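Participant: Join the two chains, each given in its own frame, into one complex according to the hints.
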Amino acid sequence: MKTIFERLHHSLSEHRHRNACCIKETFYTYGQLSVEVNKIRQCLRKEVPADDQYVGLIGNDDVQTYAAVLALWFEGKAFVPIRPNTAEDRKISIIEQIGIRSILDSRGQSTFGNYNWINTANLPEADTEFSDFEGGLSDDLAYILFTSGTTGKPKGIPVSRSNINAFIKAFETDNPIQLNEEDRCLQMFEFTFDMSVMCYLLSFLAGACIYTIPEGKIKSNYIFELLEKYRLTYSAVVPSVIHFLRKYFDEIHCPDLRYSILAGEPLHESVMKEWAVCAPNALITNLYGPTENTVICTQYDYKRTGDNKAYHDVLPVGRVLGDNDIIIVDKENNILPPHQEGELCIAGPQLIEGYWKNEEKNKYAFFDLEHEGQIKKFYRTGDLCYYDEDGDYMYIGRVDFQVKIRGFRVELAEVEVHAKHVLKGSNLVALAYTEPKNNVTVLAMAIEGKATDTAPIDAYLQSQLPDYMIPSDYIFYNNFPLSVNGKIDRKKIAKDLVGKVKM
Amino acid sequence: MNTLTQLKTLIAGELKKPAEELDENIEVGNISGWDSMTHIAIITAIEEQFDIKFKLREINNITNIISIAELVEKKQS
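Respectively, the protein sequence lines represent chains A and B.
In this text, residue positions in the first sequence follow this note's numbering: the first is -6, and each later residue adds one.
In this text, residue positions in the second sequence follow this note's numbering: the first is 4, and each later residue adds one.
Here chain B stands alone, though its shape is the one from the complex (with noise of 0.2 Å):
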């Protein structure tokens, strides 16, 4: 399983919602139900499953789902 299917997996998780209906190109706070809250959560539950910690920079460029797998593949490697 790939980096962006298994964060999108992950992340339907937090939001509760099928994965199918998770567009990785639209900016996440444009998802619903993706708000300070949930952010938060999903940020916390991306660190534990991958291992890795986001700096706060990094978090704040975040646009959508696939920089965010970019962004983990980066720390990753």
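So here's chain A without its partners, still in its complex pose (with noise of 0.2 Å):
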């Protein structure tokens, strides 16, 4: 069988007059494509040392960056995504972490500190088209992402060709969702967020083409544009996104969607109820992955007959992808059975070896258990789950979402669902914080919206509830704050809520 670098090299040429991407309301062919990944290889063999591993690429939208990224993996190199507008002490942290001593910027001029910057826009025409390439898979990594560390440095997640090997394999095996070269795809999110692997990688892999979003276009606005004007047929957003235009379903009628993806946030049936309305002739599905475990793992695919499984409104992560061998543990790292909620776990060929040079962290995270007759290194997600008996992944939330308010334990996802209830399907979340003055436990509850009085609120929760699941605290916000990857960003909350001066 092929390995996707190889697939990879084989779509260029096959697909050469076909359109690869849409930037800008530009479009440009493999063949265009295929020209500066050239380029950029030539370069790469004449200024960059062969020992030079991994490769800094300020993350821009236009088609220099897309070659980027091919050209690195055809000369066996890996690419450390750094986002154009980051502030020069976190590219700076992220650089010297890893070592990295090239960086490719199609913006050219940004030069900062003694490293060697290579403009990609502005490379002279390849003397050849290289026909060599490296194709094979090994520990060889393909790609290094950074989670924004709260405290401290961000952590490196090192992720290999075998891995994202593993992923796409596992991905196209046994799965509804089979793209063409007629398939006209969103690409809407960062290349620092792994979604975007997914994205052009699928896309690529097909033939079909990818269609980016500006910058100094507002996300979620122009998505819409795009699949309307474009008449997109595969489009994978966080479930925010689907939030935000939820106002406006009326007006959306998206007939030539054929995949609708979610992922990155818990998914609510009754906001996929509507959803599906927009997008009549979708297959919508939900997908779960945390980045150490290379994008993507389980899938569930929404019913639109409504018998769809869901924990408090939540639909599942669904079934278990490929070769990933997925566990649900106690606290003691002993392994349950169906219907038992625990930490989701993971082992197999998608999950990385480790944090970049961090010990401390990887004892924490990855431990060794013996399942099937095995001895495998599992990663500890943080994410609560069961599973049922035809294997379907129940998510529940985080397991440091499930908090202890005056010694019970509280299902934050609980109270949300029966807050949604007498909000009418306002955007909510309940999250709980640490009241710094005595150091208690504060159960609090955000709402997206205009302030209103929380007495009828409350009265309901009594109503549903034991007293400790009542909020003691609650926020308005116009709008939610989100983190750079569109999720609903609950550390912020949870910050404004510490900060609020208590009337």
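Calculated directly from the structure, the hints in this document are not laboratory data.
Note that the structure is predicted; figures quoted are calculated from it, not measured.
Where is the CB? At the ideal position from N, CA and C, for every residue including glycine.
Do not rely on the hints blindly, as some may be mistaken.
[Claimed, not checked] Derived DSS-like pairs (lysine-lysine); straight-line CA-CA distance at most 25 Å:
1) A:LYS443 / B:LYS56
2) B:LYS19 / A:LYS488
3) B:LYS19 / A:LYS212
4) B:LYS58 / A:LYS443
5) A:LYS417 / A:LYS302
6) A:LYS324 / A:LYS296
7) A:LYS354 / A:LYS222
8) A:LYS480 / A:LYS302
9) B:LYS19 / A:LYS485
10) A:LYS354 / A:LYS324
11) B:LYS20 / A:LYS485
12) A:LYS493 / B:LYS20
13) A:LYS484 / A:LYS413
14) B:LYS19 / A:LYS480
15) B:LYS56 / A:LYS417
16) B:LYS77 / A:LYS17
17) B:LYS78 / A:LYS240
18) A:LYS413 / A:LYS324
19) A:LYS443 / A:LYS430
20) B:LYS56 / A:LYS240
21) A:LYS354 / A:LYS369
22) B:LYS58 / A:LYS240
23) B:LYS19 / A:LYS443
24) A:LYS443 / A:LYS397
25) A:LYS266 / B:LYS56
26) A:LYS324 / A:LYS370
27) A:LYS417 / B:LYS19
28) A:LYS488 / A:LYS397
29) B:LYS58 / A:LYS484
30) A:LYS493 / B:LYS19
31) B:LYS56 / A:LYS222
32) B:LYS58 / A:LYS212
[Stated by the list, open to error] Label-pair restraints from in silico Cβ distances:
33) A:GLU7 / B:PRO21: 40 to 46 Å
34) A:ILE170 / B:LYS58: 28 to 34 Å
35) A:TYR357 / B:LYS58: 48 to 54 Å
36) A:ASP249 / B:LYS58: 46 to 52 Å
37) A:ASN168 / B:GLN79: 47 to 53 Å
38) B:LYS58 / A:PHE401: 45 to 51 Å
39) B:GLN79 / A:LYS443: 19 to 25 Å
40) A:GLU353 / B:ILE69: 31 to 37 Å
Facilitator: What follows is the structure in structure tokens.
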């Protein structure tokens, strides 16, 4: 079987006359993409030492940046994506942790420090078309992503060539999602978020075309414009995007959409029921996976008949894809049977070796355990789940969202589902924060919308829940703060709650 | 106070900067501080203050602050 690198190389020449990308309303064919790949490969051979394995890549929205990803892989190197508008200190922190010496930037001039900056938009034509390329699998890395570390420096997640190959293999096996060269695919993610890898890889492998969001455009709005204008057939977004569009669902009609993928956050059945009307012909799918296990490892296909499993309105993360080995364990790492809640842990070919030079974190996040007659290395996701007899995994919340209030275990999702009932579908989150003065854990609720009297909410919750599950603090936002990846930023909300002047 | 002035005051408040710094002629995505998050907040604030509701299509056609003012006036009439 061909590796994804061999297939990518083949796809570029086979689809030479087809469109590969639509960026800022301009189309680029696979042929044009190949020209850029070749230029960058020539430059890498001339200007980057062979032992420079890890190359920085400024994640700009242009054809050169996509070409750089492919060029680096074909040269057997890994890319380390850096957001263009990140603060210089964070850029330097990433660069220095990895020991990066060369950085590719299609905007050229943003030079700082004593690095080998290469402007990929200004390279000479390649003398030859390279026919040789690195197509093999190994533990050599394909990319290193960084999670936004809240304390101290960001953590590096090194993903190998065989990890990414195993992900694609798992995703393509027995999956109703099968792209072909006629597909038009949304690619809204930044290079620093691994959902982007999925979008451009699936598309390039199939000979399909990706459509990106130009800078200066408002993402959630522009997605709708792309969907409509270019009749996109594939979209992958975080659920927050759909939440934002919900107000306008009556204006949205996307009959061309074949696949509507959601990932990155809990997905609510009630919202999907409405979204299904906007995308009447789409297979709606919930995908799940931590970056440490290479993009995606479970999938749940939403059923239009309404016969969905859900836990407090949250749809399952679904069945296990490919050779991923998923178990649910208790606090002592005992493997739990169906229907018992515990932490979801993963072993298998998509799992990274460990965090970049971070023994302390590795000791905590990875452990060896015998499963199915073999000692395997498992990764703790921090996600609280259970599975049923069909093999579907249900997402309950983060292990650390399962909070203790006055000694009682409180499931935040449960508070949320009741509050949603009384607030008629408002976007809201329950969360706990530590009140610094008395160092007590306070249950709070953040609501998106106009500040209202909370007494009726309390009254309803009191009729449904024990008193320790009633929020003792409320905060209102016109719009929820979102993280860079577009997810609701619970940490920011908790911070706002702590900082809020009590009336 | 005309619509444009009112809008600039309101937007300036959302972006936490003086109204004089706002250029009504440049594309909103190029105004510093105007991103996905503040955009949603600004739209909601305008809808509330002028008691109107935008359509998604109308929001997508917004280019600069002048175009918002025209849109608001059209919706009010």
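Participant: Now tell me if each hint is right for this structure.
Facilitator: These are the hints, each one checked on the structure:
no. : hint                           : in the structure
1   : A:LYS443 / B:LYS56             : 15 Å, holds
2   : B:LYS19 / A:LYS488             : 20 Å, holds
3   : B:LYS19 / A:LYS212             : 22 Å, holds
4   : B:LYS58 / A:LYS443             : 20 Å, holds
5   : A:LYS417 / A:LYS302            : 21 Å, holds
6   : A:LYS324 / A:LYS296            : 34 Å, violated
7   : A:LYS354 / A:LYS222            : 46 Å, violated
8   : A:LYS480 / A:LYS302            : 23 Å, holds
9   : B:LYS19 / A:LYS485             : 18 Å, holds
10  : A:LYS354 / A:LYS324            : 18 Å, holds
11  : B:LYS20 / A:LYS485             : 22 Å, holds
12  : A:LYS493 / B:LYS20             : 22 Å, holds
13  : A:LYS484 / A:LYS413            : 21 Å, holds
14  : B:LYS19 / A:LYS480             : 23 Å, holds
15  : B:LYS56 / A:LYS417             : 20 Å, holds
16  : B:LYS77 / A:LYS17              : 29 Å, violated
17  : B:LYS78 / A:LYS240             : 18 Å, holds
18  : A:LYS413 / A:LYS324            : 31 Å, violated
19  : A:LYS443 / A:LYS430            : 29 Å, violated
20  : B:LYS56 / A:LYS240             : 10 Å, holds
21  : A:LYS354 / A:LYS369            : 18 Å, holds
22  : B:LYS58 / A:LYS240             : 9 Å, holds
23  : B:LYS19 / A:LYS443             : 20 Å, holds
24  : A:LYS443 / A:LYS397            : 29 Å, violated
25  : A:LYS266 / B:LYS56             : 24 Å, holds
26  : A:LYS324 / A:LYS370            : 17 Å, holds
27  : A:LYS417 / B:LYS19             : 32 Å, violated
28  : A:LYS488 / A:LYS397            : 19 Å, holds
29  : B:LYS58 / A:LYS484             : 32 Å, violated
30  : A:LYS493 / B:LYS19             : 19 Å, holds
31  : B:LYS56 / A:LYS222             : 23 Å, holds
32  : B:LYS58 / A:LYS212             : 16 Å, holds
33  : A:GLU7 / B:PRO21: 40 to 46 Å   : 56 Å, violated
34  : A:ILE170 / B:LYS58: 28 to 34 Å : 32 Å, holds
35  : A:TYR357 / B:LYS58: 48 to 54 Å : 50 Å, holds
36  : A:ASP249 / B:LYS58: 46 to 52 Å : 21 Å, violated
37  : A:ASN168 / B:GLN79: 47 to 53 Å : 50 Å, holds
38  : B:LYS58 / A:PHE401: 45 to 51 Å : 46 Å, holds
39  : B:GLN79 / A:LYS443: 19 to 25 Å : 21 Å, holds
40  : A:GLU353 / B:ILE69: 31 to 37 Å : 55 Å, violated
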